[in-house]
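K.L.:
Sequence:
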Amino acid sequence: MTDDNSRETDERTMNYGKKHVNVYRTYATPLTGLREIPESEFTGKPNTLLGMEVRTQVEGEKFLPSFRDGDNSNVVATDSMKNFILHHAGDYDGATVEGFLHYVGSEFLDTYDQMEAVRMSADELQFDERPVPDGEGGFEPSDVVFRVSDNESAFGEYYLKREDGDVVIEDQRSGVTDIELVKVKDNSFVGYVQDEYTTLPERENRTLYIGLDIFWTYDDPETALGDDPEEYVPAEQVRDIAQVVFHEQDVNSIQDLVYQIGLRVLERFPQLAEVNFESRNQTWLGVRKDDLEGDAKVLREPPRPTGFQRFSMDHSDLEGEAE
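With the UniProt record's numbering, letter number 192 in the sequence shown gets 192, and the count goes up by one each step, no holes.
It should be emphasised that the hints constitute simulated quantities derived from the structure, not laboratory data.
Hints are not guaranteed to be accurate.
To be verified - Pairs of lysine to aspartate or glutamate residues, derived as EDC-like cross-links and limited to a Cα-Cα distance of at most 16 Å, are as follows:
| # | residue 1 | residue 2 |
| --- | --- | --- |
| 1 | LYS45 | GLU116 |
| 2 | LYS161 | ASP93 |
| 3 | LYS19 | ASP128 |
| 4 | LYS45 | ASP113 |
| 5 | LYS183 | GLU53 |
| 6 | LYS18 | ASP71 |
| 7 | LYS297 | ASP186 |
| 8 | LYS45 | GLU124 |
| 9 | LYS183 | ASP110 |
| 10 | LYS297 | GLU230 |
| 11 | LYS161 | GLU116 |
| 12 | LYS185 | ASP110 |
| 13 | LYS62 | ASP113 |
| 14 | LYS183 | ASP79 |
| 15 | LYS161 | GLU202 |
| 16 | LYS185 | ASP250 |
| 17 | LYS45 | GLU204 |
| 18 | LYS161 | GLU61 |
| 19 | LYS183 | ASP240 |
| 20 | LYS45 | GLU230 |
| 21 | LYS82 | GLU61 |
| 22 | LYS161 | ASP113 |
| 23 | LYS185 | GLU202 |
| 24 | LYS45 | GLU129 |
| 25 | LYS19 | ASP113 |
Stated by the list, open to error - Computed spacing ranges between beta-carbons, pair by pair:
| # | residue 1 | residue 2 | range |
| --- | --- | --- | --- |
| 26 | GLU319 | TYR197 | 23 to 29 Å |
| 27 | SER316 | VAL144 | 19 to 25 Å |
| 28 | ASP91 | ASP314 | 35 to 41 Å |
| 29 | ASN83 | TYR197 | 31 to 37 Å |
| 30 | LYS62 | ASP314 | 33 to 39 Å |
| 31 | ASN151 | ASP314 | 43 to 49 Å |
| 32 | VAL144 | ASP69 | 49 to 55 Å |
| 33 | GLU36 | GLY135 | 48 to 54 Å |
| 34 | THR48 | VAL190 | 45 to 51 Å |
| 35 | ASP250 | ASP171 | 51 to 57 Å |
| 36 | GLU202 | VAL144 | 51 to 57 Å |
| 37 | ASP314 | TYR24 | 20 to 26 Å |
Beta carbons are placed, not taken as given, at the ideal position from N, Cα and C, and that holds for glycine.
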């Protein structure tokens, strides 16, 4: 889902850690006080069940003997790292994935002097409230029963370093990953290069199926902690912006769609420094159309290989649109 990240110096790359640490916390602090936007109904969540798949990666020159000499005297076992993360899930009093990562990463650096830097990242594990009878002939969300979801998930990452005895933020990234959207009509793809290698026909009206990961950074990386909910950007609202723009726009390519989504995200959240995309073209292929009425089609799965697009945007793109 996300690439491994390493700090590379002029001398060497050196780090180790633990991944796939699944953490489940019940009755965490609710996420409330979010800014409302017109594209989304999401205004917060109770965090009755907060789940994360966490990855930690630590760095420090004192770990060199473990690689070079087999000397493990400064090595914190990755199993201990797992236990450290799980234990501190009980002490975290915040409401966001990013806040938890910053908290645990800071605790690592405060606890182990041999750790000079730590990169913490996580994908939120999704659980959906299930409807149950409300006793009055209707239904309401259960506050105790949830369904495990395979839908899109929030992502967070902090890279923390120790400087002069203090923990400082070197890098931050938030996101929402594994969005999958299908729009059945009003998508075109025309005007591209036509040469001896071109076999793909132009399409004025196609069904478009995309996969999408969206990442963002803040002007102030501490904003991602969620201490000021008005300034925090929830993954759910960014996801909703993507699907609303997809609904509204008749785009001529996935690149065009990504750009329009980016403009809307930057417009709604001026506190962001940059938005990054990785999109995947998973569009189905037509089997029958001409003998069916209206816009009806029969489609099938596409073969590999799959096209992808990567793109980044900042407020200079928004300013350019205003000129």
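K.L.:
Check the following: the C-beta atoms of ASN151 and ASP314 are separated by a distance inside 43 to 49 Å.
P.N.:
Once the Cβ atoms are compared, 28 Å apart, the range 43 to 49 Å for ASP314 and ASN151 is violated.
K.L.:
Would you mind confirming whether the straight-line C-alpha gap from LYS183 to ASP79 stays at or under 16 Å?
P.N.:
45 Å, violated
K.L.:
Can the suggested window of 49 to 55 Å be confirmed for the beta-carbon pair VAL144 and ASP69?
P.N.:
Roughly 53 Å apart at Cβ, these two residues keep to the hinted range, so it holds.
K.L.:
Holds or violated: are the alpha carbons of LYS18 and ASP71 at most 16 Å from each other?
P.N.:
19 Å, violated
K.L.:
Is the gap between the beta carbons of LYS62 and ASP314 within 33 to 39 Å?
P.N.:
38 Å, holds
K.L.:
Between LYS45 and GLU124, does the CA-CA distance stay at or below 16 Å?
P.N.:
13 Å, holds
K.L.:
Has the given pair, LYS62 with ASP113, been kept, meaning a C-alpha gap of at most 16 Å?
P.N.:
9 Å, holds
K.L.:
When you check the alpha-carbon spacing of LYS161 and GLU61, does it fall within 16 Å?
P.N.:
13 Å, holds
K.L.:
Using the beta carbons of GLU36 and GLY135, state whether their distance is inside 48 to 54 Å or not.
P.N.:
This hint is violated: roughly 30 Å between Cβ atoms.
K.L.:
Run the distance test for LYS45 versus ASP113: straight-line Cα separation, threshold 16 Å.
P.N.:
37 Å, violated
K.L.:
Under the criterion that the straight-line Cα-Cα distance not exceed 16 Å, is the pair LYS45, GLU116 satisfied?
P.N.:
35 Å, violated
K.L.:
Should the hint that ASP250 and ASP171 are 51 to 57 Å apart at their CB atoms be regarded as holding?
P.N.:
Violated, since ASP250 and ASP171 (Cβ atoms, about 37 Å apart) do not stay within the stated range.
Comparing the model with each earlier hint shows violations of hints 1, 2, 3, 4, 5, 6, 9, 10, 12, 14, 15, 17, 21, 25, 26, 27, 29, 31, 33, 35 and 37; every other hint is respected.
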